[in-house]
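Residue numbers (our numbering), protein chains in the order written: chain A, 1 to 483; chain B, 1 to 509; chain C, 1 to 95.
Quick caveat, the hints were computed from the structure, so don't treat them as lab data. Incorrect hints may have been included.
As the list claims (entries may be wrong) - Label pairs and their computed distance ranges (CB to CB):
{"no.": "1", "chain 1": "A", "residue 1": "Glu166", "chain 2": "C", "residue 2": "Val46", "range": "29 to 37 Å"}
{"no.": "2", "chain 1": "B", "residue 1": "Asp354", "chain 2": "A", "residue 2": "Met365", "range": "39 to 47 Å"}
{"no.": "3", "chain 1": "B", "residue 1": "Glu286", "chain 2": "A", "residue 2": "Glu125", "range": "57 to 65 Å"}
{"no.": "4", "chain 1": "B", "residue 1": "Glu65", "chain 2": "A", "residue 2": "Ala41", "range": "30 to 38 Å"}
{"no.": "5", "chain 1": "A", "residue 1": "Lys302", "chain 2": "B", "residue 2": "Glu65", "range": "14 to 22 Å"}
{"no.": "6", "chain 1": "C", "residue 1": "Thr68", "chain 2": "A", "residue 2": "Met141", "range": "25 to 33 Å"}
{"no.": "7", "chain 1": "A", "residue 1": "Lys78", "chain 2": "C", "residue 2": "Thr68", "range": "28 to 36 Å"}
{"no.": "8", "chain 1": "B", "residue 1": "Asn166", "chain 2": "A", "residue 2": "Ser147", "range": "53 to 61 Å"}
Keep in mind the model is a prediction, meaning the values are calculated, not measured. All C-beta atoms, glycine included, are put in the ideal place defined by N, C-alpha and C.
The primary structure of each chain is shown beneath.
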Amino acid sequence: MGYSLEGATGAWEVVVGLEVHAQVISESKLFSGASATYGGAPNAHVSFVDAGFPGMLPVINRECVAQAVRTGLGLKAKINHWSRFDRKNYFYADLPNGYQISQFAHPVVGTGVVEIELADGTLKEIGITRLHLEQDAGKSMHDQHPSKSVIDLNRAGVALMEIVSEPDIRSPEEAGAYVRKLRQILRYLGTCDGNMEEGSMRADVNVSVRKAGEEFRTRCEIKNVNSVRFVMHAVEAEARRQIEVWESGRTVVQETRLYDPARGETRSMRSKEDAHDYRYFPEPDLLPLVLDEAWVKALAEKLPELPDEKRKRFCVQYGISFYDAGVLVVDQVTADFYETVAKGRDAKLAANWVMGDFFAALNRMGTTIDTSPVTAANLGALLDLIADATINGKIAKEVFEAMVETGQAPDVIVEEKGLRQVTDTGAIEAAVAAVIAANADKVAEYKGGKEKLFGFFVGQVMKAMARKGNPAIVNEEVKRQLQ
Amino acid sequence: MSKAVTGKPAAAPAARTELCGLTIAQAAAGLEARKFSAVELTRAHLAAIEALDSRLNAFITVTPELALEQAAAADLRLATGDGRTLTGIPLAIKDLFCTEGVRTTAASRILEPFTPPYESTVTAQLKDSGAVFLGKANLDEFAMGSSNMTSGFGPVENPWQRRGSNVKLVPGGSSGGSAAAVAARMAMGATGTDTGGSIRQPASFCGLAGIKPTYGRCSRYGIVAFASSLDQAGPLARTVEDCAILLGAMAGFDAKDSTSAERPVPYFRGAVTAGVRGKRIGIPAEYRMPGMPEEIEALWQRGVRWLKSEGAEIVDISLPHTKYGLPVYYIVAPAEASSNLARYDGVRFGARIDGEDLIDMYERTRAAGFGAEVKRRIMIGTYVLSAGYYDAYYLKAQKVRALILRDFEQAFAKVDAILTPTAPSAAFGMGEKMDDPIKMYLNDVFTVPASLAGVPAMSVPAGLSEEGLPLGLQVIGRHFDEETVFAVSGALEQAADFRSKPAVMAKGA
Amino acid sequence: MSLDAATVRRIAKLARIRVEEEEVAVLAAELNGILGYVAQLDEVDVTGVEPLSGGAQMAMRLRDDVVTDGEMAEKILANAPERSGDFFTVPKVVE
Ligand SMILES: [Mg+2]
Ligand SMILES: [Zn+2]
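Looking at chain A on its own, in the form it has when it is part of the complex (with noise of 0.2 Å):
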C-alpha cells in the first residue's frame, strides 16, 4: 500500500515531477569567458555579455557541453546529436538580455532513468523526461538598499542544466530520495556539487493529487525549493492544501507557488503570473549545437563507475551486504576509503571498522574523510596487525583510539605502548595457574556445573596479563588447566 493522505472524503494519491536546476561545473560561464566562480564581489564575474549589451553576442563553452553529456550518460538517457537553444523571453531586473538562452524545443539529452531506494529497502525507478542546458539569470537583491532593489549579475550566465522528470514520485518520501540520489550521481560524476545551501542545486516541485485509479489533476509548480527536507515538506503541504481546495468545492488552479519554510506552507507568486507568455523562437546567435559520435564515445569510456555499479560491485567482490554496499557507496570518498582498507584484507571486517569505529569516530569529531587522522592505509594496517596476530580485537579498539587522537600509523602505537599479544605459551601457563590458585571457591563451582565461569577465568586472566594475551591460547589453556 503506497503513501497516500486521508482527506474528508477519504484517501488522496499524491503525484510530484521534478525540474532540479543544477548548476555545472566549469571554469568559465556558458557564452562568456566570465569566471564562473561563486562569489565575489559585486559585478566582477561579469563580460559586456553577460550584462547583455548592445552588440554583444554569445558563444558556448565546450566543457559545458560535455558536463550536460556526462550527466545525460549518467541518467542513462539519450543523447541528442543535434540540438538547439531557444530564447525565453521575459522581463526581469536580474535578466540583462530580456531573455534567457535555453533549449525549449531540442534539448541535449532526452529520457533517462533514476533508480531510488526507500527506507523499508523498495528500489522504484523515476523517469528522466530531459535534460537542457541554459544560463543562470542574476540577484536581486531587497534588503540591502533603504528604497531599492540591488543588481548584482555576477550569476548571470553561469551554466545550469535543468533536469527533469516524470510525474512518476508518489509520495515526500520519494521526492527527498529522489533528489538525494540525483546530487549523488552529479557529484559522482563531477558535474554539480550538489550545493543546496549555495544555490548550485535546487527544484522546482509540481505538486497535484488525485483519487485512486483518476487521470492527472492540475498541478501547482514550487519554486526554487533549496533543500532536500524542504522539498519533502512543500510537497506534503501543497499536496494537503489542493485537498482542502478540491474537497471545499473548489478548483485548483495552475500557478506557481513559493515554499515559506518558516510557515511550513506555500502561498502564490502573483508577482511572476502576467508574464508566462515567453514567447520561445530559435536563438539566432547561435547555431544548432551538433555533436560528433567519437566525442560522445570519448565522454562515456572516461565515465566514472556510478553508485548503482559500484554497489553492485561491492556485494560481489566484497562479499559484503546490498545494505552496508549502500552505505559505503555514498559518495566517491566513502566509496575509494573502503576500497582502500578492503582490497586484500578480509572485506567484511573491513566494512564493519569503517561503517563502525570509522564513521563513529568521524561523528564524535565533526569531520569528514577529507580532514580525519585515521587514513585508509593505517586503517588497513591496523586490519593486518589483527590478521597476523600481532594485536588481538579488543587492543585494537584501543589502538584505533590513539590513531584517531595522534593521527598515528598503528604499528607505530603498538610498538610505543607495547601493546603485542603475548603467545608465549609459558607466561599464559602462569598466568592462568596464578588465577586458578587465587580462585579456588570459583573452581569447585565450575567443577561443580557452573559453566558459566569459564568467562571469568578467561576474563581475569587477561587483566592480569593487560588483554594482551593471545584469546585463542588463553581459551585453551584455561579449558586445559580446569580439567
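Chains B and C with the ligands: place on chain A using the hints.
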C-alpha cells in the same frame, strides 16, 4: 603639409576640399606618394562636414579631434613606409557600430547617453587597417526603416535633388547617413549594415556602390543588433573598387560571433576587373513587378545589354517565391527585433524614465525611448511569437524563408550571378510614403530576398531617372562568392560610366 | 486574424511599452494593416518544408573553458542610469 610662401604670418591653411572628390584608391595612392598628407585629407573632409552637415544631418556625432589624431598617426606610418590598405582614409561609421569611448546611439533616444567601453570587430579591423573615423553616421532608429525618417536624431537629407526642384529627398535607409555622407563627399567611404536592403537601397538612392556580403562574412560582434539572422555589415563607397578595398578590411572570421564563417577572405579588389566573359547571368522573371516604373525596367534592360556585350551569357530564371520575401521579412525581422531590443530597459545602460515600480519604469522608459516605427515592429514581433500565433506566423515564415533559399540554390545551379534593379523607385521626398507602413516597406521588395537567403548582393549606380536621380542595379551572387559579385558589378560600372554628381557636395570635389 | 484593442494592450504589456489609451486604436489599425499584408503567406504550400531559422548553415563551434573576461565592474557599471556602489539599482521589487 604645404606652408604659405607669401611671407605673411601662417594662418590655418584653407582646407583642400577638392581632395574630397578622390576615390579611396586614388587617395591611398596620393598618400603613399606623399602628394598630400592624411591630416590634410582629414581636414578637407572635416571642413566639408562643417559646411554641409548642418543641412544634411548625415552625422549624429562628429569626432574631429579623434579624426585628426588618427590622421597624424597615419602620417607617421606613411612617413616610415608602414602604410596599410586604408592608412589615412577618412570614413564615416554608421552609428550602429559600437566604438570604444565614442557615443553610440543606434539613432535611438534610448541610447542617447550610451558610450560603449568596447569596439566592434569590424571597426577594430578598419582601425587596424589605418582608417580615420570622422564620426558616427545617422540611420533609421535601430536600422528599422528605408528612408532615414525614423532616426531619433532627425532625418537625413539626400544630397541629390530632382532636376529643377528644391524638394528635400530621403537618402534611403537605414544606412542613410552613411550614404549621404559619402555622396556629398564628406567621407570617402562608410560602413553600413544591411538587414533587408539597408546598404543597397540607400546606395541606389544616393548614386553609390554598396555591398551586403554573405551572411557570416563580417563579424556582427559589437554591432547593435536589429534582426540577428539577417544583419550583415558592409561598405558604401563611390566605386566598386573602393567597396572591394573596404570589404577586404572589414571581413573575416571572428571567434566572438558564433555565426561568423571560418573562411579566408579573398582578394576582392582583384576581382573587380575580372570581367564577365563566359559568366552566366540570371534574369529573374518575378522581379518584373506590376506597377514598376518604366524607367526602372529600361535601366534593367540596359544592364542586360551591357553584360551581354561584355561577353556574359544571359539566362532567364525563376525565383518563384520572390513576392513572399517581404511578408516573411516583416515577420522574421520584427520577431527577432522584439527580443533583441528587450535589453533596452533602463537598468544597465541608456536612458531611464522613473516609474512607480519596476514594471512602470520599464514601460515608461521604453515608451519614451523608442520611436513609433520601432515600437510598431516590437509589437508585431511580440505578437507573432506569442502563444497561439507562433505557428501561423513565425514558423510559417521560417518555412517560406526555406523556400526562398531553395529558389536561389536552384537558380545558382544554372547561373553565376543574378541581375535585378535595386529598388522599385528613385529617392522620394521626405514625408512621402509616411502615411502607410506597407508603402514604405515596399522599397525593400528587391533587396529582401537576398537577405533572407544570406547571399551576397551589391548595388551599382547605373544611370539617372528622368528627374535626374540616381538609380542602381543589383547583382546577387552565391554564398561566399563576393568575387563574382564584384566582377559583374565592376563590368556594369565600367559600362554605365556613371559620372553624375549630387546637388549638395564638398566644394571643388 | 484581426487584432482588437484588448490584444494591443496585452501585447504592449508583454513588450513592456506603455501605451496611452488614445494610441490603442491607431496602433491596432497599423498592426492590422501589417498582419493583413503578411497574411499572403497563407497561400504558400509549405507541406514537408523544414523551417529555416538561422542565417548561417553550419554547425556550432565550441569555445575552450577558460576565464578570459570579467573583473571590470567599473566598465560594466559606467553607463548605468543609477547605481549603488557596484550594484545596479531598480525600484524596489516586492515579492
Ligand atoms: Mg521550472
Ligand atoms: Zn530552467
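Okay, the hints, checked on the actual structure:
1. In this structure the supplied range 29 to 37 Å holds for Glu166 of chain A paired with Val46 of chain C, their Cβ-Cβ distance being about 34 Å.
2. About 57 Å separates the C-beta atoms of Asp354 of chain B and Met365 of chain A, a value inconsistent with the hinted range of 39 to 47 Å.
3. Evaluation of the 57 to 65 Å hint for Glu286 of chain B and Glu125 of chain A yields a pass: the beta carbon distance comes to about 58 Å.
4. Between Glu65 of chain B and Ala41 of chain A the beta carbons are some 35 Å apart, a value that agrees with the proposed interval 30 to 38 Å.
5. Lys302 of chain A and Glu65 of chain B have their C-beta atoms about 58 Å apart, which leaves the hinted 14 to 22 Å range violated.
6. About 28 Å separates the C-beta atoms of Thr68 of chain C and Met141 of chain A, a value consistent with the hinted range of 25 to 33 Å.
7. The hint said 28 to 36 Å for the Cβ distance between Lys78 of chain A and Thr68 of chain C, and at roughly 33 Å that hint holds.
8. With their beta carbons about 56 Å apart, Asn166 of chain B and Ser147 of chain A fall inside the hinted range of 53 to 61 Å.
The structure shown violates the earlier hints numbered 2, 5.
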